[in-house]
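Top to bottom, those sequences are chains A and B. When we follow full-length UniProt numbering, the leftmost residue of the first sequence carries the number 1, and every step to the right adds one. When we follow full-length UniProt numbering, the leftmost residue of the second sequence carries the number 1, and every step to the right adds one.
Calculated from the structure, these hints are not laboratory results. Certain hints may be false.
To be verified - In silico lysine to aspartate or glutamate, DMTMM-like type, Cα no more than 25 angstroms apart, as pairs:
1. B:Lys17 x B:Glu28
2. A:Lys89 x A:Asp5
3. A:Lys233 x B:Glu193
4. A:Lys319 x A:Glu373
5. B:Lys141 x A:Asp160
6. B:Lys141 x B:Glu112
7. A:Lys233 x B:Glu88
8. B:Lys237 x B:Glu217
9. A:Lys236 x B:Glu174
10. B:Lys17 x B:Asp173
11. A:Lys236 x B:Asp196
12. A:Lys7 x B:Glu97
13. A:Lys236 x B:Glu217
14. B:Lys106 x B:Asp143
15. B:Lys192 x B:Glu244
16. A:Lys7 x B:Glu166
17. A:Lys233 x B:Asp173
As a plain string of letters, each chain reads:
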Amino acid sequence: MLGLDRKDFILLLVVFALVVLAPFLLNPFPTNSAMAQFNAGYPDLMQRFVIFGIFAIGFNLLFGLTGYLSFGHAAFLGVGSYSAVWMFKLLSMSVVPAIIASVIASGIFALLIGYISLRRTGIYFSILTLAFAQMSFNLAYSVLTPITNGETGLQITLADPRILGVTATESGSIPVTNLLGAEMRSTYIMDVGTWAFQFNVGYYVCAAIMLLAFYVSVRIFRSPFGLMLRAIKANKTRLNYTGLNIRPYTLAVFVISGMYAGLAGGLMASMDPLAGAERMQWTASGEVVLMTILGGAGTLIGPVLGAGVIKYFENIFSKINSSVLESWFAFMPENMQHAAVYVSEHFVGPGWHLTLGLLFMLVVTFLPGGLVEGGQRLSRLFRRKPQKDAARDSTQSNPAE
Amino acid sequence: MGILEVKNVGKRFGGLKALSDVNLSVAENSVHAIIGPNGAGKSTLLNCLVGKLIPDTGSVMFDGQSVLGRKPYQINQMGISRVFQTPEIFGDLTVMENMMIPCFAKRDGAFELNPIRAITAQKDIIAHAESVLADMNLLEKRDMHSASMSRGDKRRLEIAMCLAQEPRLLLLDEPTAGMARADTNNTIELLKEIRDKRNITIVIIEHDMHVVFSLAERITVLAQGTPLVEDVPAKIKGHPKVREAYLGESQPA
Chain A
1 MLGLDRKDFI
11 LLLVVFALVV
21 LAPFLLNPFP
31 TNSAMAQFNA
41 GYPDLMQRFV
51 IFGIFAIGFN
61 LLFGLTGYLS
71 FGHAAFLGVG
81 SYSAVWMFKL
91 LSMSVVPAII
101 ASVIASGIFA
111 LLIGYISLRR
121 TGIYFSILTL
131 AFAQMSFNLA
141 YSVLTPITNG
151 ETGLQITLAD
161 PRILGVTATE
171 SGSIPVTNLL
181 GAEMRSTYIM
191 DVGTWAFQFN
201 VGYYVCAAIM
211 LLAFYVSVRI
221 FRSPFGLMLR
231 AIKANKTRLN
241 YTGLNIRPYT
251 LAVFVISGMY
261 AGLAGGLMAS
271 MDPLAGAERM
281 QWTASGEVVL
291 MTILGGAGTL
301 IGPVLGAGVI
311 KYFENIFSKI
321 NSSVLESWFA
331 FMPENMQHAA
341 VYVSEHFVGP
351 GWHLTLGLLF
361 MLVVTFLPGG
371 LVEGGQRLSR
381 LFRRKPQKDA
391 ARDSTQSNPA
401 E
Chain B
1 MGILEVKNVG
11 KRFGGLKALS
21 DVNLSVAENS
31 VHAIIGPNGA
41 GKSTLLNCLV
51 GKLIPDTGSV
61 MFDGQSVLGR
71 KPYQINQMGI
81 SRVFQTPEIF
91 GDLTVMENMM
101 IPCFAKRDGA
111 FELNPIRAIT
121 AQKDIIAHAE
131 SVLADMNLLE
141 KRDMHSASMS
151 RGDKRRLEIA
161 MCLAQEPRLL
171 LLDEPTAGMA
181 RADTNNTIEL
191 LKEIRDKRNI
201 TIVIIEHDMH
211 VVFSLAERIT
221 VLAQGTPLVE
231 DVPAKIKGHP
241 KVREAYLGES
251 QPA
């Protein structure tokens, strides 16, 4: 179905269901309960889940599939964001031209950087991409201020021309981003008992694009092109002596991967129309590496999982402060409570990076294949018995044949 | 005029003369062996043929065309395939996937952006890969992870991958290095079969005299970067210069 085999089609259906039902799944706790702070089902965070999912899917094509570790992918994210905001300033507040422009601009940018960086492999390639990304960051931060508005960041203003749209709304305020008139920020809140499920237009636009991006990535994985990329990762020497030119393949995947990053950047700007240089920082590039490895590099669904986990930590654990902790440990005697709070507060709030770091260490040490490998081990644990039965069945059926 | 003509090839690495004045003529559809002690320049010569190294002097002509200045993948497309001393296969891929890559290379050339049609829908490629695997007795291992195969099977797979491209010239770099006697004999049988069944020229570099004398039609002896003698196996065995330079006291029976 859709050109996929059964297993991949089921995976696509599962991802589709998860994405569509996310407002329910991410909101398991009633709004007034103590656990409500663990709810992730609000528009801003859900949008980030899918946008960074796109970013990580694209990065995985380059890193997981082809084996080229780029340390500068955030540059393409930034280029995408800037192009999208410029579309909002010049054309209209519709997200369609913005997203198209962000994909094209980042693709061209990736072609330039890839053409030079891909002359080297391994660590030298990583360093080259890192250098280019830091260069882009500095250009955006200071040199190219007329285009990027420097450290303030690029924003839309009431003075923008917007030749296809309106400069200002009738009430005199800045218009908002929309798709065919549906505003990205508009949210429908469904109250069920004490639960409040939020359905956001922007989230579903991002989710639809993420599903498309995921589908394209599955098709690339299963295509002859994808086989060549895996072969590049496995053995470049053999490929060279098999009459295949590696450069066009790596350049093609680098550009595709850059376009995914640009798409993610364009969507970020479409949800919240501003773009700052910090999106191109090396920390942002490092984050997508973490996402991909944490979820499982080279797997289809891994990068999306990794992006979700990291964004969840970043937004949920960072909000827990010492007063929340005090209420959690309130059942303890006072001294113990203080001690418990003292220890655990280093792992939450601003210290959420510590928790993430520990999690990352554990995953990389014990599950080199990432969270996906963890899932596979679990399912194997449950399936072990049926497999034995199947083996016995097949040996029994052999004589009959 | 042979299919492969090497004329006056010389190569220096700094002060070391790896090759000097090498002349070699390989007749079409023959098996030509290059032997010589360690450091004689056998592998350097092979690297000059496939474009990994560029000789300082001389010319290398394949089928009337110069290979010099071409990249390894371009030389491969002229019809030269190489088997390495340690098998170079795609270890992360299954046997079948390994086989499909040279099949794609043969059908589509150096680069084909073919991102949409699934591999499983490429019936012609699958049929081609399976027929070569069947020839090499590897068909039952088609779904095996290629890195987990035995060394002999890896070698067999590498040869199969080269044959799938239907090359005119097959270069073998010590195909039996590090193999047990039984595996060596299997490889000899395999190569004999390839020699007899296909229109193919084979150049083989080998240490094992048993292999060389059971396969080769002509033998070139290299010593210190220069060809010492070139002749049919029977003459090489008794040649005094060869004994002195290479075979030493342990002359083969």
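For each hint, the structure was consulted:
| no. | hint | result |
| --- | --- | --- |
| 1 | B:Lys17 x B:Glu28 | 30 angstroms, violated |
| 2 | A:Lys89 x A:Asp5 | 44 angstroms, violated |
| 3 | A:Lys233 x B:Glu193 | 33 angstroms, violated |
| 4 | A:Lys319 x A:Glu373 | 30 angstroms, violated |
| 5 | B:Lys141 x A:Asp160 | 65 angstroms, violated |
| 6 | B:Lys141 x B:Glu112 | 28 angstroms, violated |
| 7 | A:Lys233 x B:Glu88 | 13 angstroms, holds |
| 8 | B:Lys237 x B:Glu217 | 13 angstroms, holds |
| 9 | A:Lys236 x B:Glu174 | 21 angstroms, holds |
| 10 | B:Lys17 x B:Asp173 | 21 angstroms, holds |
| 11 | A:Lys236 x B:Asp196 | 32 angstroms, violated |
| 12 | A:Lys7 x B:Glu97 | 19 angstroms, holds |
| 13 | A:Lys236 x B:Glu217 | 34 angstroms, violated |
| 14 | B:Lys106 x B:Asp143 | 22 angstroms, holds |
| 15 | B:Lys192 x B:Glu244 | 30 angstroms, violated |
| 16 | A:Lys7 x B:Glu166 | 35 angstroms, violated |
| 17 | A:Lys233 x B:Asp173 | 24 angstroms, holds |
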